[in-house]
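Peer 1: Listed here are the chains, written in short residue letters.
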Amino acid sequence: MTFDIKDPSTWINWFTWCVIISVVISAFLLTWIPVMLVVERRAAAWMQRRSGPNRVGPFGLMQPMSDAIKMIFKEANIPRKAHKILFVMAPALAVLPPFVAMIVMPLGGSVNIQGTEYALQGFNVNVGMLFFLAITSLHVYSVLTAGWASNNKFSLMGGLRASSQMISYEIAIGICMVALVLTYGTLDLREIVKLQEYGSALPAWGFALQPVAFIVLWICTFAETNRLPFDLPEGESELVAGYHTEYSGMTFGMFMLGEYAAMVASSAFLATLFLGGYNIPFITEESLRQLFLDQGLHLTLASLITALLQFGCLIAKIFFFMWVFVWVRWTLPRFRYDQLMDLGWKMLLPIGVANVIVTMVVTYFLKRGG
Amino acid sequence: MMGSPTILQWIIGAITLASALLVILGRNPIVSAISLMATMFATGLLYFSLGAHFIGVVQILIYAGAISVLIIFIVMLLDLRPTRVNIPGRAPVYVLSLVAGATFFVAAIFSVLPLLRAVGIGPLGNGQQPEEISMQLLSKYMIPFQATALLLLAAVMGVVVLGKKNMMSERIAKGAKKS
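Same order as they appear, the protein sequences are chains B and X. If you're matching positions, the first sequence starts at 1 in this note's numbering and goes up one per residue. If you're matching positions, the second sequence starts at 1 in this note's numbering and goes up one per residue.
Next comes chain B alone, as it looks inside the complex (with noise of 0.2 angstroms):
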């Protein structure tokens, strides 16, 4: 897909192009949400001991379409003194970023069609780190509007408290990206999977090199969810539903639809920098492509099936992710708003930056060396 910008007859390239990503990418996120929620309540009701969603369908996996079709029959209420516009537009605004931030994600290795090495990955930007932190953190905005515009105190307290949590966290997420940058030398998402590619025992992951940054970001990206136990701005026993109070039927769906979504996004996020990405563990792109040439395959199907093995990989690392937002959701309680704040400014951005300075020396004395 060669497009340049002065020829206007390869615009129409670049749009299919634009289109095939979008849906490709849109597709592999929505079909998480499903799974996901079946994942959720099951998880929950059998770390509680009850039985959970069991009626619809077998062991209750349809109930993600009920559930969906019960949100989009339900009416969509908008309060009188509501900001129609911003009320309207919030959910918009939290089902948008992750849909885009995903598109700098490498989701696997490269296809290589009549000689041309097409990239799993909608959109190659060399700055693709700091491209998925600026969009994430445009999540912000969809809470606090749909906090102020519900016109509903609660919703004002949960938006204020979004607000002040994410950006506090934010900034310790920058000091881990800084310690990151460091190691790998590069903002390039594809880069750094490379950099992990290994064949021999010893894991050249990234949670080996930074388990410091590996940990403080793990952290933070359930406060930058809104996970549990970071969820205070939606917090029921203090806020009856946060700034999600006034929305309901499928303007509430979109809210949660977000929240999936930018749970499967910050997953791939995580995966990507330090669990190798779409990397198989003991095999490199290169030998596995190999081996099923050597097995009498065509290149092309040879490389696409690699391709399509290392998207596995990848899915299953972020189950894994996600597996864990789930577990750790039923397992702790919620933080006072005071102790959230000390966990952010006393003790991850410290961590962070003495992390920081510790990689410096040994950075600059590996090079040194080296």
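If you are wondering where the hints come from, they were derived from the structure by calculation, not from laboratory data. Keep in mind that a hint or two might mislead.
Listed next, the in silico DSSO-like pairs over lysine-lysine satisfying Cα-Cα at most 27 angstroms (straight line) [to be verified]:
1) B:74 - B:84
2) X:165 - B:346
3) B:367 - X:140
4) B:367 - B:194
Dock chain X against chain B, hints included.
Peer 2: Just chain X now, with coordinates in the frame of chain B:
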């Protein structure tokens, strides 16, 4: 490198202008703040369409992602209601301010146009890579870079002093009573 804006850039430019106009013409402070965010975001997209990915991302990350959130946060805390601002004065004041504004606008356009003609609009070169920018920042512009950090530190200290002013004076008063 000469070039004319593409359709995409025209669309993004129109969005930027429209949201910027909404910032100053909107009566609701929250709507103004949110359209300010939209303006920042669209500016970031403009950088993207020019191939300056790093600058575009930083624009979105800092201005749309952080600073606008703070502005909205403050507006929400102050609980500002929609108002119609009444500028005191009569017709001559309005005319004068209009003339002054228009003069500034025209002067700004004329000062930018020669540069635009010389450089043109088109994808930027390698100078926009993060490595290049950091090299420049840490060698050629080292002193301004450090001075900015100092300035920000001073600003932070000023905020702390202002915020703690009452508390400190109270403490001093208490200490005076005891002794």
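Peer 1: Hint by hint, say whether it matches the structure.
Peer 2: How the hints compare with the structure:
1. B:74 - B:84: Judged against 27 angstroms, a Cα distance of about 19 angstroms means the pair holds.
2. X:165 - B:346: holds, 23 angstroms
3. B:367 - X:140: holds, 23 angstroms
4. B:367 - B:194: holds, 20 angstroms
Checked against the numbered hints listed earlier, the structure breaks none of them; every hint is satisfied.
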